[in-house]
Amino acid sequence: MAHPLEIRVVSKRFDDPSAATLKGYLASDGYKALEKALKMKPEAIIEEVKTSALRGRGGAGFPTGLKWSFIPRQSPKPKYVVCNADESEPGTCKDRLIMQFDPFSLLEGMAIAGIAIGAERGFIYVRGEYRYLIDILDRAIAEAYDAGYLGKKLRGTNFHFDLMTHTGAGAYECGEESALLESLEGKRGIPRIKPPFPATSGLYGCPTVINNVETLASVPHIILNGGEWFLKLGLPKAGGVKLTCLSGHVHNPGVYELPLGFPMRRLIEEIGGGVQGGALKAVVPGGSSTPLLNAEEALGVNLDFDSVAKLGSFLGSGGVVVVNDRTCMVKFAKRIIHFYRHESCGWCVPCREGTNWLELTLTRFHLGGGRSEDIDVMFDVAQSILGRTLCALGDAAAMPTISIIQKWRQEFEDHLAGRPCPYEREFAHA
Amino acid sequence: MPENNSVHLTIDGRAITVPAGTLLIEACRAVNIEVPCFCYYPNLSVQAACRMCLVEIEKMPKLQTACTVPVAEGMVVRTDTPTVHKARKTTNEFLLTNHPLDCPVCDKGGECELQDMTLTYGTGTGRFDEPKRHRDEQQWSPVVFYDRPRCILCYRCVRVCGEGMDVWALGVGNRAILSTILPNAGDHLECEECGMCIDICPVGALTSGAYRYKTRPWEMKHVGAICTFCGDGCRTTLGVRNDRIIRGDNRDASGINGEFLCIKGRYGFDFTQHAERLKTPLARIDGELKPVSWAQALETVARRWRAIQQQGGRFGVIGSTRALNEESYQLQRLARQVLGTNNIDHHRSADLPTLYDALAGTSATGSAPPLAAAASLKTASAVLLVGGDPTYEHPLLAWNVRWGYRLSGTRLYVLHHREIKLRRQAHRMAVVAEGAEGAAVRYLAGQGGAVAARLSAVGPAEEKRYPQLPPPDPQPISGGLEEFKAELEKESNVVIIFGSELRGDDIRALVALGGRLAGQTRYIGLADHSNSHGAADMGLYPDLLPGYESVSDAAARGRFEALWGARLPAEAGLNQREMAEALDRGELAALYVVGANPLRLDPVNPANLRRSFLVVQDLFLTETAKEADIVLPALAAYEKTGTLTNTCGEVQATRRAAAWPGGKSDLEIIHALARLMGVDFGRPDPDRVFAEIRAHVKGYNVSVVQLAAGRSALAVPLNGAVPHRSAPHLIRSNHDTLFSDGTLGRYSHAINEVMEKRLLLPGQAR
Numbered sequence: 000m001a002h003p004l005e006i007r008v009v010s011k012r013f014d015d016p017s018a019a020t021l022k023g024y025l026a027s028d029g030y031k032a033l034e035k036a037l038k039m040k041p042e043a044i045i046e047e048v049k050t051s052a053l054r055g056r057g058g059a060g061f062p063t064g065l066k067w068s069f070i071p072r073q074s075p076k077p078k079y080v081v082c083n084a085d086e087s088e089p090g091t092c093k094d095r096l097i098m099q100f101d102p103f104s105l106l107e108g109m110a111i112a113g114i115a116i117g118a119e120r121g122f123i124y125v126r127g128e129y130r131y132l133i134d135i136l137d138r139a140i141a142e143a144y145d146a147g148y149l150g151k152k153l154r155g156t157n158f159h160f161d162l163m164t165h166t167g168a169g170a171y172e173c174g175e176e177s178a179l180l181e182s183l184e185g186k187r188g189i190p191r192i193k194p195p196f197p198a199t200s201g202l203y204g205c206p207t208v209i210n211n212v213e214t215l216a217s218v219p220h221i222i223l224n225g226g227e228w229f230l231k232l233g234l235p236k237a238g239g240v241k242l243t244c245l246s247g248h249v250h251n252p253g254v255y256e257l258p259l260g261f262p263m264r265r266l267i268e269e270i271g272g273g274v275q276g277g278a279l280k281a282v283v284p285g286g287s288s289t290p291l292l293n294a295e296e297a298l299g300v301n302l303d304f305d306s307v308a309k310l311g312s313f314l315g316s317g318g319v320v321v322v323n324d325r326t327c328m329v330k331f332a333k334r335i336i337h338f339y340r341h342e343s344c345g346w347c348v349p350c351r352e353g354t355n356w357l358e359l360t361l362t363r364f365h366l367g368g369g370r371s372e373d374i375d376v377m378f379d380v381a382q383s384i385l386g387r388t389l390c391a392l393g394d395a396a397a398m399p400t401i402s403i404i405q406k407w408r409q410e411f412e413d414h415l416a417g418r419p420c421p422y423e424r425e426f427a428h429a
Numbered sequence: 000m001p002e003n004n005s006v007h008l009t010i011d012g013r014a015i016t017v018p019a020g021t022l023l024i025e026a027c028r029a030v031n032i033e034v035p036c037f038c039y040y041p042n043l044s045v046q047a048a049c050r051m052c053l054v055e056i057e058k059m060p061k062l063q064t065a066c067t068v069p070v071a072e073g074m075v076v077r078t079d080t081p082t083v084h085k086a087r088k089t090t091n092e093f094l095l096t097n098h099p100l101d102c103p104v105c106d107k108g109g110e111c112e113l114q115d116m117t118l119t120y121g122t123g124t125g126r127f128d129e130p131k132r133h134r135d136e137q138q139w140s141p142v143v144f145y146d147r148p149r150c151i152l153c154y155r156c157v158r159v160c161g162e163g164m165d166v167w168a169l170g171v172g173n174r175a176i177l178s179t180i181l182p183n184a185g186d187h188l189e190c191e192e193c194g195m196c197i198d199i200c201p202v203g204a205l206t207s208g209a210y211r212y213k214t215r216p217w218e219m220k221h222v223g224a225i226c227t228f229c230g231d232g233c234r235t236t237l238g239v240r241n242d243r244i245i246r247g248d249n250r251d252a253s254g255i256n257g258e259f260l261c262i263k264g265r266y267g268f269d270f271t272q273h274a275e276r277l278k279t280p281l282a283r284i285d286g287e288l289k290p291v292s293w294a295q296a297l298e299t300v301a302r303r304w305r306a307i308q309q310q311g312g313r314f315g316v317i318g319s320t321r322a323l324n325e326e327s328y329q330l331q332r333l334a335r336q337v338l339g340t341n342n343i344d345h346h347r348s349a350d351l352p353t354l355y356d357a358l359a360g361t362s363a364t365g366s367a368p369p370l371a372a373a374a375s376l377k378t379a380s381a382v383l384l385v386g387g388d389p390t391y392e393h394p395l396l397a398w399n400v401r402w403g404y405r406l407s408g409t410r411l412y413v414l415h416h417r418e419i420k421l422r423r424q425a426h427r428m429a430v431v432a433e434g435a436e437g438a439a440v441r442y443l444a445g446q447g448g449a450v451a452a453r454l455s456a457v458g459p460a461e462e463k464r465y466p467q468l469p470p471p472d473p474q475p476i477s478g479g480l481e482e483f484k485a486e487l488e489k490e491s492n493v494v495i496i497f498g499s500e501l502r503g504d505d506i507r508a509l510v511a512l513g514g515r516l517a518g519q520t521r522y523i524g525l526a527d528h529s530n531s532h533g534a535a536d537m538g539l540y541p542d543l544l545p546g547y548e549s550v551s552d553a554a555a556r557g558r559f560e561a562l563w564g565a566r567l568p569a570e571a572g573l574n575q576r577e578m579a580e581a582l583d584r585g586e587l588a589a590l591y592v593v594g595a596n597p598l599r600l601d602p603v604n605p606a607n608l609r610r611s612f613l614v615v616q617d618l619f620l621t622e623t624a625k626e627a628d629i630v631l632p633a634l635a636a637y638e639k640t641g642t643l644t645n646t647c648g649e650v651q652a653t654r655r656a657a658a659w660p661g662g663k664s665d666l667e668i669i670h671a672l673a674r675l676m677g678v679d680f681g682r683p684d685p686d687r688v689f690a691e692i693r694a695h696v697k698g699y700n701v702s703v704v705q706l707a708a709g710r711s712a713l714a715v716p717l718n719g720a721v722p723h724r725s726a727p728h729l730i731r732s733n734h735d736t737l738f739s740d741g742t743l744g745r746y747s748h749a750i751n752e753v754m755e756k757r758l759l760l761p762g763q764a765r
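Top line first, the protein sequences correspond to chains A and B. For the first sequence, position 382 matches number 381 in numbering that gives the first Met the number 0, and the numbering has no gaps at all. For the second sequence, position 455 matches number 454 in numbering that gives the first Met the number 0, and the numbering has no gaps at all.
Hints are computed from structural coordinates only; laboratory data are not their basis. Fair warning: there could be bad hints in the mix.
Taking lysine to any residue and the SDA-like style, the derived pairs with C-alpha atoms no more than 25 Å apart in a straight line are [to be verified]:
id, chain 1, residue 1, chain 2, residue 2
1, B, K61, A, A308
2, A, K76, B, K58
3, B, K85, A, D379
4, A, K76, B, S44
5, A, K193, A, L65
6, B, K61, A, L65
7, A, K186, B, G185
8, B, K61, A, I192
9, B, K58, A, I192
10, B, K61, A, P62
11, B, K85, A, R370
12, A, K231, A, L65
13, A, K76, B, P469
14, B, K61, A, V376
15, A, K330, A, P89
16, A, K49, A, M39
17, A, K193, B, V83
18, A, K193, B, P469
19, A, K186, B, V171
20, B, K61, A, L385
21, B, K61, A, L234
22, B, K131, A, H337
23, B, K58, A, M39
24, B, K58, A, L65
Examples of chain B residues toward chain A, derived with CB under 8 Å [as the list claims (entries may be wrong)]:
id, residue
25, V45
26, A48
27, T67
28, A86
29, T89
30, T90
By construction, the Cβ of each residue, glycine as well, lies at the ideal position given by its N, Cα and C atoms.
Can you build the whole structure from these sequences, using the hints too?
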């Protein structure tokens, strides 16, 4: 059930079990946007998306209309639309809901993107762990083909759009767009050297648009209701509403669709029902790769790209993780770095070796084997990963570590004094 | 913007100008600014993996990898700032986190790039104080070992195997900290065993089964010798300790081959130390070969030869395709001047006299020589390959053809009776029936009707999109030889490589075809062994003097007669097969075999053989040597100094690397025999003999400075018409592969071990 503070756009069909069928989807304004788009000029579609100020919902927040406009209009090679459904950022669980409850909105958004950039083929790259969603998507795709919403001559026009799903094999790295393309081509999922960017040389070396599920699912709403309408839901530079995944120590975790610029304090207190098990200590604002905010920062920030960036962090993919004051931040850092050490693709040195070093030292440190110089070494190691890797995974591993050492250095000092972890002892029976 | 294709930029305050498209790291190298790197390797695809080459570029927020950024106009680069130094230090430290510091026992210690980088750019101490991950060493083939902890994952091996060798035997497995290089076949390599992966490894992760734990690099002296196996003439820099060869590689890129070597050049040298190597002369006493002294053996030979001469018996001489130019030259002098016979021949595998004769009749002899050096294949716009199988028989030429395909856009045309491996680089591949190559060439030259051919081609342009992936197999296309001809005729400045499938008149047709193509056509005739080409040039023919001059040409003969102060026979002699037939009939009183095994090619009834006096000088007791009356132990090419001519006609100097106490060089033996026969050839000094060759053999007036500097010089003995009695049936290539080689390879422990353990036979390797 929708929370009263939510503005439901992408999630508007989440409570309607029939929306996952074509019949149900058509009954709730489904495919009206595509019918409209088929009558529009491709440039006009891109203009509408630009007007909406829609920014990529996958984490980087790149303006979607601008990204589409980079695709060369005339290309001797085929063009592709790829949906990044490799949702694997810890703390993020929104795309799965779209694909589960409203798969046709994604299909419709991709077809519209195809018309806009002149692509006749699309791929949905779904993370391997979302096996059940593949079945849902494949069923939806089959229905859409039967009804002429996919395939040759869309709804009797001269536009074609073929779509298929592709399963990832369980690598976080394949959420990085160029690694995703490599994986989609059947190769090892390692990032590519950029430039060239996918807009000029993407899938199979052809011009390619890659967008997140939520981004593409927003497109039909923008086309149907107009870019202006979407823009006004949010902020001038970041239009619309955004799915926010609230998790961690809150009473009501869940995925909530909120306008951009929504205050974090209200998210935690009013929607989340307050911090569970203690007072607020920290907040991960946008998935595990974003630098953490302390309680003071978190309670004063609004959930939009620029406000969070002012605090040196990112809105990211919208995965808000609330951390209470009974949490050991050393252990928290260790858990995050464990993930990145495991998920590093191993291609380049700082990420592969640095994450390993950090996890080993953090583990020793947390178990009580820390030495005072370890803190500075870990900080320096993380700093040495930052900005020196081939893709953003290195940064994703380094940033939370750096922010935790900066903001909770005292906890590290405490570990040196009271070994092993003083926090675990204190709250062992809480 | 500049008008031409050059770009101006500033590196560390120095204004420099380089061609557009140059990678920043190469621009830095051009002005001697070292940017450290591991994964970057010239002429292989870029990886951006090691992050060692990070530099500061103005207006870019982050440090950039110099190996991936092309230069741009006005770019301002700094490689010498505290930020850059810090980045190098930490990257180096990262590389060492799991690298075992076992340098004192590591083969690479002393010539390790990681050691060098750590000394130059690293920190004195490491801060990493956690357990390292150990993994046991793996053996991937008899000659390739992999030590995972030492590996820094620069992926050079993967790329040189795939992109360079087109073998694709190596890949990357697992991810993150567990990433590892692994053979695509699982636990072993299915490859050409070239060892390039070991050679290119910057650390001691890949080590050579033939070299590991034997010595330290600084304990060897490193001698640049020319490989004695196939005809390509690669320089193999031999690591020698106590007069024994321990290692072969060409890491210093000193020869025409750059750093390339195949299995034979890298590991094959160990035949020199084989237990069966002859240590003393042998003489047949009471029907058995028994050790005798050098004096005894040589005197016996001279005594018997003199007796045969007095009785008017006929002599025959078979020369070597591996002996040095100086030795072959003196051998034919011995035959013609001392033994008074033109019955001299060698194992022919390329019909060079016919090629030169055909070229003499064309205008091709104009400005530039119509022969192509091996390196010219790297930049040729088009290459036509007829017959042969360079991948297995001439690995350097194949490496260069692939290089041209990858980096220069060379269009390769292959005309062959088999789908040879170079089809994967072929712009057009025509497969004709076995033996139909000659007819196909005649058709291409406009001299005959079309020949049935299966045509295939790799796709247009697209196929080069991913240098990291194997080129796709060519797909059948229609058009047959007509389409092949039409495409070929669009080309200019073509290099034509032909195998032993073409001989005699086929070669004349090939030259006619070359004459029809635009620009200058150049030729490479594939010859089997390290000095097959030199043996032909030096006149090991019954009817040709050195430099392809006829023995019956009074002027040419007169020049040599004046030079040596002797009368030379004017009648053409017997060729190799005719000599064998004469032996069988008992009409050849004496046969002198130098570094050859003619009885393998032309068997003679042993009972008939006993009636003649057979002298063999060789390294081993070959099939021929076993039948000999006198066997003289000779030195291997690695134990001699002199010159060799490769299959392209490039003369190179080779230097003595090792010693073999019991043996004498062919040159010493020939000179000693001449003296005992009453003719003084002078001191057996290769330099003196080469001076004579330079002065008197057509095409050999090459620069000795160039040779001394380790470079090659193309010898072009074009000499007008070559009045040669064509004998196509004598053009017989052994078709030795990477793993077999006439009489030497079978005495190489390393090659034998690889052969025994291979799961695939050479022809099946893909």
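Exercise. Against the structure, test the hints numbered earlier, and report the numbers of the ones violated in rising order.
Key: Structure breaks hints 2, 21 and 23.
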